[in-house]
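Knowing the structure of chain A, use the given hints to seat chains B and C on it.
As a plain string of letters, each chain reads:
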Amino acid sequence: MGKVVIPIGPQHPALKEPENFVITLDGEKVVAAAVNLGYNHRGIEKACEQRTYLQDIYLIERICGICSHAHSTAFIQAAEEIAEVEIPRRAAFIRTLIGELERIHSHFLWLGVAGHEVGFDTLFMYSWRDRELVLDLVAKLTGNRVNYGINTLGGVRRDISPEEAAEIRKVIGALEERTKYYLGIASEETTLISRFLNVGRLSKEDALRLGATGPVARAADIKRDVRKDDPYAAYGEIPFDVITDTHADVLGRTLVRVKELMECYKIIRYILDNMPEGLISVRFPRRVPEGEAFSRYEAPRGEDVHYVKSNGMDKPERVKVRAPTMANAASVAHMLSGGYLADVPIVIAAIDPCFSCTDRTIRVRDIFRGSDSVLDWPALRDYSIRWYRENGLDFSGIKLFGREIG
Amino acid sequence: MVMTIFYILVFPGFLFLSAYGLAVEFVDRKLYARFQNRKGPPWFQPFADFVKLISKETIIPAEADRRMFKSLPVFAMTAVLTASLYIPVWSTQSLFPFEGDVIVILYLLTIPTLTFFLGGWHSSSLYSTLGSVRVLTQLFAYEVPLLMAILGPALLAGTWSLSGVSAFYAANPIYALVNIPGFVAAMIAAQGKLERVPFDIPEAETEIVAGAFTEYGGRLLALFRMTIDIEMVVVAALVSAIFIPLFSANPWLGFLFFVIKTLFVVFLLALFRSVMARLRIEQMVRFCWRVLTPLALVQILIDLIVKGFVQL
Amino acid sequence: MKTGKMLPLALKGLFTKPATISYPYQKVVVPSDFRGKLVFDPSKCVGCMLCVRDCPSGAIEIIKVGEKKYKAVVHLDKCIYCGQCCDSCVRQALRTSPEFELAVYDRKDLTVDI
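Chains as they are written, first to last, in this note's numbering: chain A, 59 to 464; chain B, 2 to 313; chain C, -16 to 97.
Don't take each hint at face value.
If you want the footprint, here are the derived chain C segments under chain A, 3+ residues with CB under 8 Å [unchecked claim]:
no.: 1; region: -16 to -3
no.: 2; region: 7 to 17
no.: 3; region: 61 to 69
Hints in this document: simulated from the structure, not taken from any laboratory.
Where a beta carbon is used, it is the ideal one built from N, C-alpha and C, also for glycine.
So here's chain A without its partners, still in its complex pose:
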C-alpha cells in the first residue's frame, strides 16, 4: 500500500466532539498529521457582548460541560478585577472547593475515556461509576451535576453547611481508595502500559516550543501550574504539590492526572478544615467601570485564559476566551506524526480535548474595499504589506530566506 490520507473526524467514533484530523499513513505508520479546528464554533464570545455580566456567567459556564466552573470563575475573576470588588474569603474557599471537585470528576472522566480509546471498556465503566459519586455530591452542593451555577459576581450563591462538609469528607474518603486502585492499574496493567508507554511523545523542549499547558506540559517535566504560579481564589494559602512526570508520553499524562487526584483530596481536606466564617458574597455593581482585565485559571485540562474589556456599561465590550485545548492543539499534530494509526485516538484523547470550547472562526474583512470577501494568499500578502506600510513599517528591500518579502 502506498501513502494513504485518512480523515479522522469530523464524525468518528473516537471523537466525542466534531473535529478533523487529516492523517497521512504509510501502512500503519503515521507520516504526517494535521489538525483542522472550526467544526463546532458557537459564537459565545460575540453573544457575551449582547448580555449583561450576570447573564454572561451562565453563558460562559456553558462553554464547556466538564470544566464549566473553570470558565465561569475565570470570567468572574476578570469582571471582579475591573470592578475592584474583593470577594469574601469564605466565597474564595467555596470556589476553590467546587473547582477541585470539578477537577476530580474531569480526571475520572478522562481516565475512562482513555481506557475506552484503547478498548479497555472495563476501566471506562468502573471509573465512570466512581465519577458518579462526585457528580452526585456536586449536585447536592450546587443544585446541578455539571453546570453548577455556584459562582456569582462578588462571591458564590450557595453556602456549604457542616452536614454537607461531612458528606464531602465521606465521598472524598471513598474516592481516595478508588484512586489508589486506579493508580495501581495505570502503573501495572501490562496491556495498558504497552499502549501508553512511549506513545505520543512530547519532549520538554517541544512542549515549551508548542505551548503545551496543564497535564500535557506537566507530564513533560514542566513544573507549570497557575494555581502555584499565579494563585487565585484561595490557592495562595493552601499547601499542595504540583505533580510532574518525566515520561513525557501518554503514560506520563495518565500518571500525572491520577496523582493530581490525590492532591485534590488533600486540597479539599485542607479547605474543609480551614473554612473561614463570614459572608459568601458581596454586592457587585450592575454597571462595571471602564477597564480591562486578564484572568488565568488552572482548569483540569490546563491553563484557561479569559480577557474581559468593559466600557462602563452593564455589558462587556469584549470577552475573549482561550480554552486550554487551544494551547494543546498545536502539540497534537507533533505527537501524532511518527506513531501508529492505532495510537491516534489515545494521543488525541491524552490532551483531554474539549473541542467545542476551543473552536473559533476568523472573518477577514477588507478595510480598503469594505467588503467581507475571502482573500486568497497573494491578496492577503499584499494586504499585510500595505497594512504594515501604513503603520510605519516598510519591509521593501528586506530579504528573508533569499526572497524579498516587501
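Positioned in the frame of chain A, the structure of chains B and C alone reads:
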C-alpha cells in the same frame, strides 16, 4: 436423506446454531456487563438486534463490487455452518466424522475471516480497506498457534479426526491434564480468531470505525453478525471437544455437557476480554509469534514425550 | 507489570449489585434543592420584573392579570435551569423544584404557566 437435511437445517445445523449463537452472544454480553458492574442487556437483546438489522435498508456503496459485497456474508455463514457438522454435539461422535476432519474444520473456520477481508476490500472505503488488511495480518499471527495447539492433543490421541480425539480423551480423561498449556494457547488464539479484545484490532471501533464492516448494513451486516455468533459457538465447541473431556453416552446428558462446556469457554473468553486493553497490530503479531507459538510448541513436545512414555 | 490486574474486581462484579439503574422503571432521587422546573407563588409577586431582566435566555415572562396580580409563563425550551431568577427575586416568589422529567412530544407544551 430426510435426516441429513434435518441435521443440516434444524439440529445441530442452521436453526439450532442460530438460536444457540444468539444465546451465547447474550451470555457473553451479560457476563461482560456483570464484569463491569453493569446490569447488561435483557435475554432477547441479540435477537432484537438481529431483527432490527434484518428490517433495515441494505445500502451498497457505489464504488463497491456489488456481487462480491452481497455474496460474501452468505459464504461466511455457509462455511461456519459446514464446520459445525464435524463437531460433536451430544456424544463424542460428530455427524459426519472422517480421518482428518480437524484440519477441515480449521480451514472452514478460516473462510469467514477471509470473507471479512474480501468484504472490507470490496467495500472500497478507506476504513474497510485498513480493517481488511489488519484482518489478514492478524490471521497470519493466530492461525499457526491455534493449529499447533490443537495438533498436540491430536498427536497424543493418534488420530486426525475430531471425533476420534474426543473419544480418546473421553476414555482417558487423565491425559487432558497434560494439554493445559495447549488449552491456554488455543483460548488466546481463539480470542484472536473471534476478533475480541485484546485482539479486536481489525474492527477497533475507536481507530477505524468498524474495520471491514464499516460499509455493511442491514441484512448483510445481520448475516455477518450471525456468522460471528455461530463462529463463537463452533470455536467454543471445538476447543471444548478437544481439551475438556466431559462426555456422556446418554445423548441428553451429553447435550447438557456440551452446553456447559461451551458456556464455560465463553465465560473464559468474556473474562479475557474484560480485563485487558486492545493491543496494537504489531504488538499482537509479536506476542503471537514470541509467546503463543512457543507455548503451542511446548504443548506438542509434552504430548510427544507423554506418547513416548505410554508406548514404552 | 501484571496482566489482568482488574481480574479480581471483574470477578467480584458477578456477585455485587449492578451500579446501573433501570432509569425509567426505577426513579432517580435528586437532592431536594436540585435546580429543576420553576415554581411560582403569585401571592408574593410584586411585578418588579427583575427576574425577566436577569434571565440569561429570556425564558420567563411575568404577565399582569389584574390589580397587583401576576402570573408567570416559562418557556421550558429556553430555560437553562440556572435559577438566577430565584436569586434575583426580592420576594422569593420564584423557587426551583427538583422536578426534572420535563420531556414532551410537542414543543408548544414547553411553554407553561406556573
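Item to check | Within 8 Å of chain A (C-beta), three or more residues of the region 61 to 69 of chain C | outcome: Our answer is that it holds, as 5 residues pass the Cβ test (under 8 Å) against chain A, meeting three.
Next on the checklist: Please check whether the region -16 to -3 of chain C has three or more residues whose CB lies within less than 8 Å of a CB on chain A.
Outcome noted: Coverage by chain A holds for the region -16 to -3 of chain C (8 residues, Cβ < 8 Å).
Next on the checklist: Can you confirm whether chain A covers the region 7 to 17 of chain C, using C-beta to C-beta distances below 8 Å and requiring at least three such residues?
Outcome noted: Held - the region 7 to 17 of chain C has 4 residues with a Cβ nearer than 8 Å to chain A, which meets the minimum of three.
Every hint, counting from the list given before, is met by this structure.
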